[in-house]
Amino acid sequence: MAAVKQRDWWERVTIAVPYLWLLVFFLLPFAIILKISLADPVIAQPPFTPTFDEQGSLSITADNFLFLLTDKLYAVTYLKSIVMATAATILCLALGFPMAFGIARSAPSTRGVLLLLIILPFWISFLLRVYAWMGLLNNYGVINNMLIWLGVIDQPVRLLYTDFAIFIGLTYSYLPFMVLPLYATLERMDIDLIEAAQDLGASRTEAFWDVTWPLARAGVIAGCLLVFIPAMGEYVVPYLLGGPESLLIGRVLFDEFFVNRDWPLASAVTIMLLLLLVAPIVFMQRNQAREIDAQQ
Amino acid sequence: MKKQSRLIISILVFGYAFLYIPLISVVFYSFNDSKLATVWGGFSTRWYGELFRNEQILDALFLSLRIAASSATLATIFGTMAGLILVRFGRFRGRALFSGMITSPLVMPEVITGLSLLLLFVSMQQLFGWPGQRGFATITIAHTTFAMAYVAVIVRSRLTAMDESLEEAAMDLGCRPLRVVFDITLPLIAPAMISGWLLAFTLSLDDLVIASFVSGPGSSTLPMYIFSKVKLGVTPDINALASLIILVVSVTLLIAWIVTRKTQPRASS
Numbered sequence: 001m002a003a004v005k006q007r008d009w010w011e012r013v014t015i016a017v018p019y020l021w022l023l024v025f026f027l028l029p030f031a032i033i034l035k036i037s038l039a040d041p042v043i044a045q046p047p048f049t050p051t052f053d054e055q056g057s058l059s060i061t062a063d064n065f066l067f068l069l070t071d072k073l074y075a076v077t078y079l080k081s082i083v084m085a086t087a088a089t090i091l092c093l094a095l096g097f098p099m100a101f102g103i104a105r106s107a108p109s110t111r112g113v114l115l116l117l118i119i120l121p122f123w124i125s126f127l128l129r130v131y132a133w134m135g136l137l138n139n140y141g142v143i144n145n146m147l148i149w150l151g152v153i154d155q156p157v158r159l160l161y162t163d164f165a166i167f168i169g170l171t172y173s174y175l176p177f178m179v180l181p182l183y184a185t186l187e188r189m190d191i192d193l194i195e196a197a198q199d200l201g202a203s204r205t206e207a208f209w210d211v212t213w214p215l216a217r218a219g220v221i222a223g224c225l226l227v228f229i230p231a232m233g234e235y236v237v238p239y240l241l242g243g244p245e246s247l248l249i250g251r252v253l254f255d256e257f258f259v260n261r262d263w264p265l266a267s268a269v270t271i272m273l274l275l276l277l278v279a280p281i282v283f284m285q286r287n288q289a290r291e292i293d294a295q296q
Numbered sequence: 001m002k003k004q005s006r007l008i009i010s011i012l013v014f015g016y017a018f019l020y021i022p023l024i025s026v027v028f029y030s031f032n033d034s035k036l037a038t039v040w041g042g043f044s045t046r047w048y049g050e051l052f053r054n055e056q057i058l059d060a061l062f063l064s065l066r067i068a069a070s071s072a073t074l075a076t077i078f079g080t081m082a083g084l085i086l087v088r089f090g091r092f093r094g095r096a097l098f099s100g101m102i103t104s105p106l107v108m109p110e111v112i113t114g115l116s117l118l119l120l121f122v123s124m125q126q127l128f129g130w131p132g133q134r135g136f137a138t139i140t141i142a143h144t145t146f147a148m149a150y151v152a153v154i155v156r157s158r159l160t161a162m163d164e165s166l167e168e169a170a171m172d173l174g175c176r177p178l179r180v181v182f183d184i185t186l187p188l189i190a191p192a193m194i195s196g197w198l199l200a201f202t203l204s205l206d207d208l209v210i211a212s213f214v215s216g217p218g219s220s221t222l223p224m225y226i227f228s229k230v231k232l233g234v235t236p237d238i239n240a241l242a243s244l245i246i247l248v249v250s251v252t253l254l255i256a257w258i259v260t261r262k263t264q265p266r267a268s269s
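First to last, the sequence lines map onto chains A and B. Quick note, the first sequence lines up with residues 1 to 296 if you use the working numbering. Quick note, the second sequence lines up with residues 1 to 269 if you use the working numbering.
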């Protein structure tokens with residue numbers, strides 16, 4: 001269809017309906033969050049001061065942001081979320097890359113089954129998959145019992161409600177998000193190229209770093225961002241597997257809103273989290289757009 | 001096909017064990033007679049029986065299914081429109097903003113989506129008194145918004161992979177553009193729309209965080225009910241519920257997989 005032309009009524013409607021829906025239910029809410037993050041908390045319904053006071057003059061405050069920037073607890077929380085999400089992303093990549101590589105290189109008949117087994121956990125409730133780890137990591141859970149039975153330890157080790165549990169939980173939950181995009185790029189890759197490199201005298205490691213890795217880059221980027229971005233705001237994993245002291249942003253935001261009922265501060269926490277994620281999100285969309293262009 | 005290296009095979013085995021051991025252990029413990037979920041007290045199916053007598057679970061399940069079906073349907077309609085616009089409509093004003101808005105929900109952390117929508121609903125209620133009560137309607141709207149992004153991605157990749165010649169031929173033969181969409185394009189992308197609907201349905205059934213934000217008192221979805229119980233630790237009846245869900249999902253996916261393999265033997269995505 002041509003670039004500029006008079007559009008039919010139905011074309012206008014097709015554009016307008018999803019457009020308006022997203023404007024109202026996706027973009028507008030962010031404007032509201034921004035507005036509330038600049039208000040003061042009050043004990044009222046709703047619990048924040050209006051943007052314009054009775055005289056109609058603008059009444060906004062940067063207190064919430066100043067508080068977030070100066071309070072040590074929040075700095076630690078943001079930093080810890082970044083560290084946790086990064087660690088989980090690296091482990092997902094370390095495990096997911098060879099898995100995707102193995103699946104892409106397996107015989108077509110087994111490939112379907114292997115892929116199905118990667119997708120299956122994705123369709124089973126996220127919450128229940130995290131819950132499954134509670135049973136495994138428990139003091140009397142499968143892992144501790146196994147270690148005692150093997151004679152490695154004689155007292156149960158505290159595994160559940162630790163940072164280690166959060167780390168495992170994040171990796172476990174987001175592993176399929178890493179494997180699938182990696183598989184998509186590795187499957188399209190021409191295996192002869194690796195063999196050619198090896199025939200020409202490259203060692204296995206050289207062939208990997210010089211041929212496989214650059215060709216898989218788009219998939220690596222997509223996979224890493226699909227793990228990192230949601231892991232940054234994760235709420236269920238730190239709540240169920242982490243201890244009360246393991247504070248990640250997602251959980252702090254939830255508690256600030258529901259437990260402390262400080263809406264302006266919760267909004268400011270959200271804005272700060274968004275600011276941290278804008279760069280990776282934009283980067284991912286560029287990466288995706290390039291991928292789509294490459295396919296067309 | 002070249003032989004796989006030993007390293008790759010052992011990582012594959014480890015990876016799949018990592019993915020499946022937790023699930024298998026839940027199913028195993030769901031047959032545990034003991035009330036202490038972690039101590040083995042003999043084989044029993046009594047927790048399954050108690051599940052079906054628990055009215056709270058059944059109510060929550062029914063609400064979740066209603067929300068999932070409505071939001072998946074809306075998401076499929078809007079997501080298909082969005083996919084069509086992006087692939088077949090060429091340039092229009094605000095296209096960049098639109099494509100940004102349709103892909104962002106894919107990665108947006110749930111706490112952000114949840115909080116922002118709740119604040120929207122609260123503001124709307126102050127301004128025009130709707131929604132008076134948060135529950136079915138607000139959760140459906142929230143789920144539609146993020147699920148339509150997934151549908152749009154699926155429909156879009158199907159449309160990009162699809163040859164435009166059939167549509168062009170129909171147009172050359174004098175078919176009106178709207179008829180082309182309904183008679184040619186939509187039937188051709190129907191499989192993508194069905195998988196989009198199924199994905200949207202599952203995502204909605206699965207969602208805990210967004211629903212917790214935008215629902216009001218008295219309306220708990222199934223994940224919200226499960227979460228409220230699981231917060232306190234492992235319980236045998238949740239093990240049984242989890243096992244049932246694992247069973248239903250596995251069987252459904254297996255059937256879907258066999259059916260698609262029979263109908264389109266050489267399509268991988």
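These aren't lab readings, by the way, just hints derived from the structure by calculation. Accuracy of the hints is not assured; some may be wrong.
[Unchecked claim] Sample of chain B residues facing chain A (criterion: CB under 7 Å; computed from the structure):
1. W40
2. T103
3. V209
4. S228
5. L232
6. V234
[Said to hold, decoys possible] Chain A stretches covered by chain B per the calculated footprint, using a threshold of three residues with CB under 8 Å from any CB of chain B:
7. 33-47
8. 52-65
9. 80-93
10. 207-217
[Unchecked claim] Listed next, with one range per pair, are the computed distances between beta-carbon atoms:
11. A87(A) - G94(B): 45 to 51 Å
12. D53(A) - D59(B): 43 to 49 Å
13. S165(B) - W213(A): 35 to 41 Å
Glycine included, every Cβ here is placed at the ideal spot set by N, Cα and C.
Quiz item: Which of the listed hints are not met by the structure?
Solution: 1, 4, 5, 8, 9, 10, 11
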